Amino acid sequence: DAGVIQSPRHEVTEMGQEVTLRCKPISGHNSLFWYRQTMMRGLELLIYFNNNVPIDDSGMPEDRFSAKMPNASFSTLKIQPSEPRDSAVYFCASSTHMTGKETQYFGPGTRLLVL
Amino acid sequence: AQTVTQSQPEMSVQEAETVTLSCTYDTSESNYYLFWYKQPPSRQMILVIRQEAYKQQNATENRFSVNFQKAAKSFSLKISDSQLGDTAMYFCAFMKTNTGNQFYFGTGTSLTVIP
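Listed in order, the protein sequences are those of chains U and V. Going by the numbering used here, the residue at position 111 of the first sequence is 111; the numbering climbs one at a time, nothing skipped. Going by the numbering used here, the residue at position 72 of the second sequence is 72; the numbering climbs one at a time, nothing skipped.
Rather than coming from a laboratory, the hints here were simulated on the basis of the structure. Fair warning: this is a prediction, and the values are worked out from it, not measured in the lab. Keep in mind that a hint or two might mislead.
[Said to hold, decoys possible] The calculated EDC-like cross-link candidates involving lysine to aspartate or glutamate, where the alpha carbons are at most 16 angstroms apart (straight line), are:
1. K101(U) with E29(V)
2. K96(V) with D56(U)
3. K78(V) with D26(V)
4. K68(U) with D56(U)
5. K101(U) with E11(U)
6. K96(V) with D26(V)
[Claimed, not checked] Here are the simulated distance ranges between beta carbons:
7. E14(U) with A16(V): 44 to 50 angstroms
8. K55(V) with S87(U): 38 to 44 angstroms
9. Y54(V) with I55(U): 21 to 27 angstroms
10. K101(U) with S28(V): 20 to 26 angstroms
11. G59(U) with I46(V): 18 to 24 angstroms
Idealized CB from N, CA, C, for every residue including glycine.
Next up, chain U with everything else stripped away, as it sits in the complex (with noise of 0.2 angstroms):
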């Protein structure tokens, strides 16, 4: 098993671009999360889906944020226009509704600059 895949690993950009940050959950999990985490504000939880519906995005910061998950594969967390304050690393993770197998496994991250 792959693990949880993330790309990029590493994004630098410059403030007011538009920021796309990639995940593929494991195959066979039907749940998918987006974290923040920095020093300031540790690990947020951004959103989660469900068998691809959103079912809560209170930790999106703001209209900049979007999320989207068109199948079970491919989740996409998409910032515009950046700004400095949201250099951070972005966890996606994924879990599975088997029962006794109810455990959230994450990706590897993108630490994202914005200069």
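Fit chain V to the known structure of chain U by using the hints.
Structure of chain V alone, referenced to chain U:
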């Protein structure tokens, strides 16, 4: 609302010694799951151990074990024979059942293993 509290921001332990990391949580649920995750300097989030609330037996994984006290809502992690590779941030997490596997994370404990 669910809350997870890790009251020790930083800890250190001598190599080969034993250390215990504390975690408390607040919930009105009777059935749930608890987790410890390790985040080394690489920033990868790695599952260390998982406990199901309906199981009275404490979970163990090699040198890692938990002390789960359901009535006290306490879930501490014990690391035996500490190794330099155990140096990392450790996060405690709580998950209700039947909620799409949403996690609630503590703020983390930074553990340093001293040679």
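Each hint, compared with the structure:
| no. | hint | in the structure |
| --- | --- | --- |
| 1 | K101(U) with E29(V) | violated, 19 angstroms |
| 2 | K96(V) with D56(U) | holds, 15 angstroms |
| 3 | K78(V) with D26(V) | violated, 21 angstroms |
| 4 | K68(U) with D56(U) | holds, 12 angstroms |
| 5 | K101(U) with E11(U) | violated, 33 angstroms |
| 6 | K96(V) with D26(V) | holds, 11 angstroms |
| 7 | E14(U) with A16(V): 44 to 50 angstroms | holds, 49 angstroms |
| 8 | K55(V) with S87(U): 38 to 44 angstroms | holds, 41 angstroms |
| 9 | Y54(V) with I55(U): 21 to 27 angstroms | holds, 25 angstroms |
| 10 | K101(U) with S28(V): 20 to 26 angstroms | holds, 25 angstroms |
| 11 | G59(U) with I46(V): 18 to 24 angstroms | holds, 23 angstroms |
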